[in-house]
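The lines below spell out each chain.
2 protein chains.
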Amino acid sequence: MRVVVPLAEGFEEIEFVTIVDILRRAEVEVVTTSLGERNRDRELGKGRAADEDEDEVGTVRGSHGIRIVPDASIDEIDPQDFDAVVLPGGYPGFVTLGNDQRVLDLLRRMDGLGKHVAAICGAPSVLVKAGVVEGRRATIHPAGRGDLTDDQYVDDRVVVSGKLITSKAAGTAMEFALRLVGELVSEERMRRLAEEILVECEV
Amino acid sequence: MRVVVPLAEGFEEIEFVTIVDILRRAEVEVVTTSLGERNRDRELGKGRAADEDEDEVGTVRGSHGIRIVPDASIDEIDPQDFDAVVLPGGYPGFVTLGNDQRVLDLLRRMDGLGKHVAAICGAPSVLVKAGVVEGRRATIHPAGRGDLTDDQYVDDRVVVSGKLITSKAAGTAMEFALRLVGELVSEERMRRLAEEILVECEV
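One line per chain: the protein sequences are W and U, in this order.
Counting in the working numbering, the first sequence runs from 1 upward without gaps.
Counting in the working numbering, the second sequence runs from 1 upward without gaps.
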């Protein structure tokens, strides 16, 4: 099982990290991707000497100033190689994701291939923009309520509609991540994991 | 209000990020510190050209492979400048923190100055090692139960004992981080924040 998590500057750190940490605990392979490119420093002529960091992608800063090093660039991702794509929220991260043609293409291709597509907080609006919510149900951060029609919107903390999985905010990130394990791995694994890390919320 | 969060390789990502994200949302200044030093690449003679990254500290990898860029090195921290020190758990991160004399000294000095001292998951064992739990009550991850005496141990998700604040696991990180806001800022700010991000657990 392989999952790709695209990142943009201003991603929400709790949402991003909870998704990646919980999926990896369930032995799902997760590849985090930036919108940048490898070897950026070298391309920019900064003259770094050859060393182990040579082909790293640049860091990405979250909306609360935490900088992380993604695993790869989105340009290296082949949708065929993945079982799911999951978007974290955070401002302006989700807006940037929604304005990037590569992200919209990835979502459409994953959806077209029958893969899981998921998003939390403001990021379900990116799924709307990609056209993958049509005919399905979803939830979103209260501030983005207007991006979903009354037929689409469900006022739950996590909504599963076929292979579309959505959630609301940083405070629902744990339930969202555990639900991803439930859908991608098994209900049993999800329950066991929740118990192991002492999650008390209903999942 | 200023908080220092020391990090070692193998820190628990959800715990670390939830602490930092929630405190920064409450407008607390948080400085994340590695055990490494600035200019490591330059010191190692890797010949990086002068650029904006020149004086950065090295990245630190969490126990689930997420790499983050800390704000500073622990060598730069003056306990007088901070109101609290908070340790994330994660294996082997908390063991490394407990084996580092600078971390033990920081905890003792902060405690001696009457500042807040806090830890989650396995990391309360580091507080025990520093001698700052004596005469107080605390909690810890079930696997570390033996590190606390029966007089010290409290079986709650978050335990506040004077200025000592402890918690159990990744699944209690949100309650722990919100409680830090309650103690360092105000109960009102804590409640408002929990509501804003849609936290449903009891805090």
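Heads up, a few of these hints could be off.
[Stated by the list, open to error] Incomplete in silico selection of chain W near chain U, CB under 8 Å: (1) G10; (2) T18; (3) T59; (4) T172; (5) V185; (6) E187; (7) R191; (8) C201.
[Unchecked claim] Listing some non-contacts, in silico: residues in chain W with all C-beta distances to chain U over 12 Å: (9) F16; (10) T32; (11) S63; (12) R67; (13) V69; (14) P70; (15) L104; (16) V128; (17) K129; (18) R137; (19) D151; (20) E183.
In short, the hints are calculated from the structure, not lab data.
All C-beta atoms, glycine included, are put in the ideal place defined by N, C-alpha and C.
Consistency of the hints with the structure:
1. G10: 13 Å, violated
2. T18: OK, holds: T18/W within 8 Å of chain U, min 6 Å.
3. T59: Given a least distance of 6 Å, the restraint on T59/W holds.
4. T172: 6 Å, holds
5. V185: Interface hint status for V185/W: violated (15 Å vs cutoff 8 Å).
6. E187: 18 Å, violated
7. R191: With a minimum Cβ separation of about 13 Å from chain U (threshold 8 Å), the hint on R191/W is violated.
8. C201: 6 Å, holds
9. F16: Label violated. Min Cβ-Cβ 8 Å, cutoff 12 Å.
10. T32: Per Cβ check, T32/W is inside 12 Å of chain U; nearest 8 Å; violated.
11. S63: Contrary to the label, S63/W does not stay out of reach of chain U, its closest Cβ about 8 Å off (not over 12 Å).
12. R67: 4 Å, violated
13. V69: 4 Å, violated
14. P70: Non-interface label on P70/W violated, nearest chain U Cβ at 9 Å vs cutoff 12 Å.
15. L104: Its Cβ never comes within 12 Å of chain U, the nearest being 26 Å, so this holds.
16. V128: 20 Å, holds
17. K129: Given that every Cβ of chain U is farther than 12 Å from that of K129/W, nearest at about 23 Å, it holds.
18. R137: Non-interface label on R137/W holds, nearest chain U Cβ at 19 Å vs cutoff 12 Å.
19. D151: Non-interface label stands for D151/W: nearest chain U Cβ at 23 Å, farther than 12 Å.
20. E183: Answer for E183/W: holds, closest chain U Cβ roughly 20 Å.
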